[in-house]
Amino acid sequence: MSTFVFKTKKSHYTPLSNIFIDKFMPKARGEFVKVYILGLKYCISGELGVSAEIIATNLHLLETDVINAWNYWNDENVVKLIPIDNMGNYNVEFLDLDETPKEDDNINLLEELNKNSTKDMLQDIEKLLSRPLSSKEMTMYISWLKDFNFSPEIILLLIQYCVSKGKNDYRYIEKIAISWYDSKIKSVADAQNFIKKNEDKWIKIKKVLNYLGIKDTNIMKPQENMLNKWIESFNFSLDIIFKACEICFERINKADFKYIDAILVNWYNEGIKTLEDVDKKDRRKNFSKNNPKFKHIKNSSGTFNNFEQRNYNFNDLEKKLLGWDK
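Residues in the sequence shown are numbered from 1 upward in steps of one, following UniProt numbering.
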């Protein structure tokens with residue numbers, strides 16, 4: 001559950017900027033306007049913070065609508081969202097709309113929209129995302145044509161890829177674009193090969209998570225790094241990874257990424273690559289434990305076992321004790 005903490009200016013009325021009414025309200029979705037006005041009211045009235053659940057309940061919206069609304073206003077430079085932690089909690093600062101930052105000076109959005117190829121690309125992106133684009137998003141996509149040297153076809157393929165994964169947030173899309181640029185993707189063929197390789201990896205990751213009983217693929221970064229290491233760096237097959245998972249379950253009765261990682265790192269360092277290699281390692285270990293020489297050494301290590309035992313006649317001892325021998 002997300003919580004939003006306001007920088008308050010206590011008052012008994014809620015001033016709504018005419019710039020907001022004239023410039024931002026007409027093109028925004030109705031629920032986004034509701035969230036902005038209610039949030040502004042909380043801020044002005046001295047409310048320290050409020051959860052997305054409370055806002056959603058008061059406005060008869062979904063919590064996802066509330067979160068999308070704040071992200072939208074942040075993109076429009078109407079508010080400034082500042083993450084507090086990794087749990088989805090934010091400080092919300094309502095910006096002075098008279099001082100709203102101008103668009104990137106390097107890109108004249110109106111001039112770019114007059115180009116048919118650019119306009120068509122943005123319209124296709126809106127269709128893929130099933131929502132209108134903010135001016136900030138438009139500027140970002142246009143900048144990729146120059147800064148990343150992406151063609152409109154590559155950008156549309158990138159958006160389609162993100163949508164297929166259920167991700168339409170512009171921050172996620174920008175992250176993928178940067179990874180494509182860093183991977184030196186310059187053509188549609190490069191992009192398709194990158195997608196195939198990445199998808200093959202994620203298919204394996206999902207199978208490992210399912211084997212561990214983890215249904216949510218939104219895992220933490222350290223866990224993702226371990227999975228990438230097992231699959232890509234170590235180049236282990238799923239059978240080997242599953243075997244390490246089984247050993248983890250048998251020993252500690254739970255799924256522990258660090259424990260599994262320790263097993264796989266040890267196997268990698270020993271050059272183990274197949275299940276046959278694992279079996280050979282186990283046989284060598286069992287042979288050492290069951291070797292007669294090993295048993296002799298173990299049994300002869302204690303002084304008690306070296307004590308020379310004597311034979312006694314317990315009947316004679318009993319008679320002597322009771323005085324019957326006389």
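For the record, the hints were derived by calculation from the structure and aren't laboratory data.
Owing to the predicted nature of the structure, the values given are computational and were not obtained by experimental measurement.
Take the hints with a grain of salt, since some may be wrong.
Simulated pairs of lysine-lysine, PhoX-like, Cα-Cα distance not exceeding 25 angstroms [as the list claims (entries may be wrong)]:
no., residue 1, residue 2
1, Lys229, Lys165
2, Lys204, Lys215
3, Lys184, Lys215
4, Lys207, Lys196
5, Lys204, Lys127
6, Lys273, Lys201
7, Lys196, Lys165
8, Lys206, Lys196
9, Lys165, Lys215
10, Lys186, Lys215
11, Lys206, Lys186
12, Lys207, Lys184
13, Lys184, Lys197
14, Lys80, Lys167
15, Lys27, Lys119
16, Lys207, Lys254
17, Lys186, Lys207
18, Lys175, Lys215
19, Lys27, Lys127
20, Lys175, Lys136
> Are Lys207 and Lys196 close enough, with their CA atoms no more than 25 angstroms apart?
Replying inline: holds, 17 angstroms
> Hey, Lys80 versus Lys167, does the alpha-carbon distance stay inside 25 angstroms?
Replying inline: holds, 22 angstroms
> Within a Cα-Cα threshold of 25 angstroms, do Lys196 and Lys165 meet the stated pairing?
Replying inline: holds, 13 angstroms
>> Would the hint linking Lys229 and Lys165 be met if the CA-CA limit is 25 angstroms?
In response: Holds: Lys229 and Lys165 sit about 22 angstroms apart, inside 25 angstroms.
> Do the alpha carbons of Lys184 and Lys197 lie within 25 angstroms of each other, as the hint requires?
Replying inline: Distance ~15 angstroms between Lys184 and Lys197 Cα, so the pair holds.
> Given the proposed pairing of Lys207 with Lys254, does the C-alpha separation stay at or below 25 angstroms?
Replying inline: Given that 25 angstroms is the threshold and the Cα spacing comes to 17 angstroms, the pair holds.
> Holds or violated: Lys206 with Lys186, Cα cutoff 25 angstroms?
Replying inline: Violated. Lys206 to Lys186 sits at ~29 angstroms, over the 25 angstroms cutoff.
> Going straight from one Cα to the other, do Lys27 and Lys127 come out at no more than 25 angstroms?
Replying inline: holds, 17 angstroms
> Regarding the pair Lys175 and Lys215, is the alpha-carbon distance no greater than 25 angstroms?
Replying inline: holds, 24 angstroms
> Are the Cα atoms of Lys204 and Lys127 separated by 25 angstroms or less?
Replying inline: The hint is violated at about 31 angstroms.
> Is the Cα-Cα distance between Lys206 and Lys196 25 angstroms or less?
Replying inline: Holds. Lys206 to Lys196 sits at ~15 angstroms (cutoff 25 angstroms).
>> Hinted pair, alpha-carbon criterion (25 angstroms max): Lys204, Lys215. Please report holds or violated.
In response: holds, 14 angstroms
In this structure, the earlier hints numbered 3, 5, 10, 11, 12 and 17 are contradicted, and the remaining ones agree with it.
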